[in-house]
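Those sequence lines, one after another, are chains A and B.
First residue of the first sequence? That's 1 in the working numbering, and the numbers climb one at a time after it.
First residue of the second sequence? That's 1 in the working numbering, and the numbers climb one at a time after it.
You may find that some hints are simply not true.
For identical chains, the list gives no copy identity; a pair is met inside one copy or between any two copies.
[Claimed, not checked] Subject to a maximum C-alpha distance of 20 Å in a straight line, what follows is the list of computed SDA-like cross-link-like pairs (lysine to any residue):
hint, residue 1, residue 2
1, Lys88, Ser105
2, Lys20, Ser97
3, Lys20, Ser96
4, Lys88, Gly109
5, Lys88, Cys110
6, Lys88, Asp113
7, Lys28, Asp174
8, Lys118, Asp18
9, Lys118, Ser89
10, Lys170, Leu154
11, Lys171, Tyr99
12, Lys20, Arg141
13, Lys118, Gly19
14, Lys88, Tyr112
15, Lys28, Tyr99
In case anyone wonders, no lab produced these hints; they're calculated from the structure.
Number of protein chains: 2
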Amino acid sequence: MFFRGVNVDLLHEKIISDGKIFAGNILKVDSFLNHQIDVTFMEALGEEIARRFSSDGVTKVLTVEASGIAIAFPVAQSLGCDMIFAKKSQTKNLGSSVYSSPVESFTHGCVYDIRVAKEYLHDDDVVVIVDDFLANGNAVRGLIDIVSQAGATLAGVGIAIEKGFQDGGKKLRDDGIRLESMAIIDEMDAVDGEIVFRD
Amino acid sequence: MFFRGVNVDLLHEKIISDGKIFAGNILKVDSFLNHQIDVTFMEALGEEIARRFSSDGVTKVLTVEASGIAIAFPVAQSLGCDMIFAKKSQTKNLGSSVYSSPVESFTHGCVYDIRVAKEYLHDDDVVVIVDDFLANGNAVRGLIDIVSQAGATLAGVGIAIEKGFQDGGKKLRDDGIRLESMAIIDEMDAVDGEIVFRD
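Extracted from the complex, chain A is given alone in its bound form (with noise of 0.2 Å):
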């Protein structure tokens, strides 16, 4: 609710304030954004992120386990739909009756499957795809390939932080796909910690 009118600086505020910048372009938010979770800011990302879809007609939000869930579940909350998680290993719990697609993780060096039951996406369903962190949005396009396979309409993609200094989300933008992140991080600096957010 706080961020209406206030476009989304307090979400800059958080990341100047609570983010680590490591080596590596890594950018560590653990103290609200994906380890330790301040739900009612969260809450209010969400709400937000809901707000720039809210005449879409969304039928479902789509995330990937684990950190996405903490920010999918409000988006669905303001816009009174179901979400699912995207589910990154086979467990005995999900069916053999699934969507999947490959993701190459930059966080953990290695390739996984992403796999979403097919009886819970359908022809008929609107999606957000909706996740912490893009980078080289290679989670994105994994959940956009499902979201394809299931026949479903994609209404958009919801982030909350975007690494604009790699190439994920320009090339997002260039595909036509409607992106909204809630802060995008130009530049930053791992030795004198300095942020620079896009306009």
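Following the hints, position chain B against chain A.
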């Protein structure tokens, strides 16, 4: 909200209507709890767990990734505090100063360490541990171990679905740990699909 005053009958109904039982004591509730998330329903479930700990001065809700997040989030919303999800893998994004505890997984058939950064859990914290399922109790034991390492106070444990025919819940209660399970399944049959709930 709609849980209040009607006990937890709605969860029983949801498990009966949507749950699927498989050989090996697998209960699949992918339609609302741990793949697709029925956000409205989880909000109500979270409110009810929160209500049971509303006089305990809880400062942190603790769970483990991934499916615990979607139940811990609404519990933390109702209690008005932060949540933390323990991580299952050593990622670049988690620092070296962590509490960790080994957990044997029933679902995945392996042992993994769960980790919580020391900076987010302190000796003045009052913690509710929340998870989607309780079977043999290994994940909850690992989380209790982490609360203990931090010198924090454990208010208790809130669980969506306890498999009462496994001994995790009994052992926790025998150890004097306050356990609030929203549904306890005493018997379930993969052949005829019958489920018997504890009163």
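Outcome of the hint check:
1. Lys88 x Ser105: both (11 Å within a copy, 16 Å between copies)
2. Lys20 x Ser97: between (41 Å within a copy, 15 Å between copies)
3. Lys20 x Ser96: between (41 Å within a copy, 14 Å between copies)
4. Lys88 x Gly109: both (14 Å within a copy, 16 Å between copies)
5. Lys88 x Cys110: The answer is both: 12 Å in one copy and 16 Å across copies each meet 20 Å.
6. Lys88 x Asp113: Close inside one copy (6 Å) and across copies (18 Å); limit 20 Å.
7. Lys28 x Asp174: This pair counts as neither: shortest intra-copy Cα distance 28 Å, inter-copy 40 Å.
8. Lys118 x Asp18: Cα proximity of Lys118 and Asp18: across copies only (16 Å, versus 39 Å in one copy).
9. Lys118 x Ser89: within (16 Å within a copy, 28 Å between copies)
10. Lys170 x Leu154: within (18 Å within a copy, 47 Å between copies)
11. Lys171 x Tyr99: neither (24 Å within a copy, 39 Å between copies)
12. Lys20 x Arg141: For Lys20 and Arg141, neither the intra-copy (27 Å) nor the inter-copy (31 Å) Cα distance is at most 20 Å.
13. Lys118 x Gly19: between (37 Å within a copy, 17 Å between copies)
14. Lys88 x Tyr112: both (7 Å within a copy, 16 Å between copies)
15. Lys28 x Tyr99: Close across copies (18 Å), not inside one copy (31 Å); limit 20 Å.
In this structure, the hints that do not hold are numbers 7, 11, 12, in rising order.
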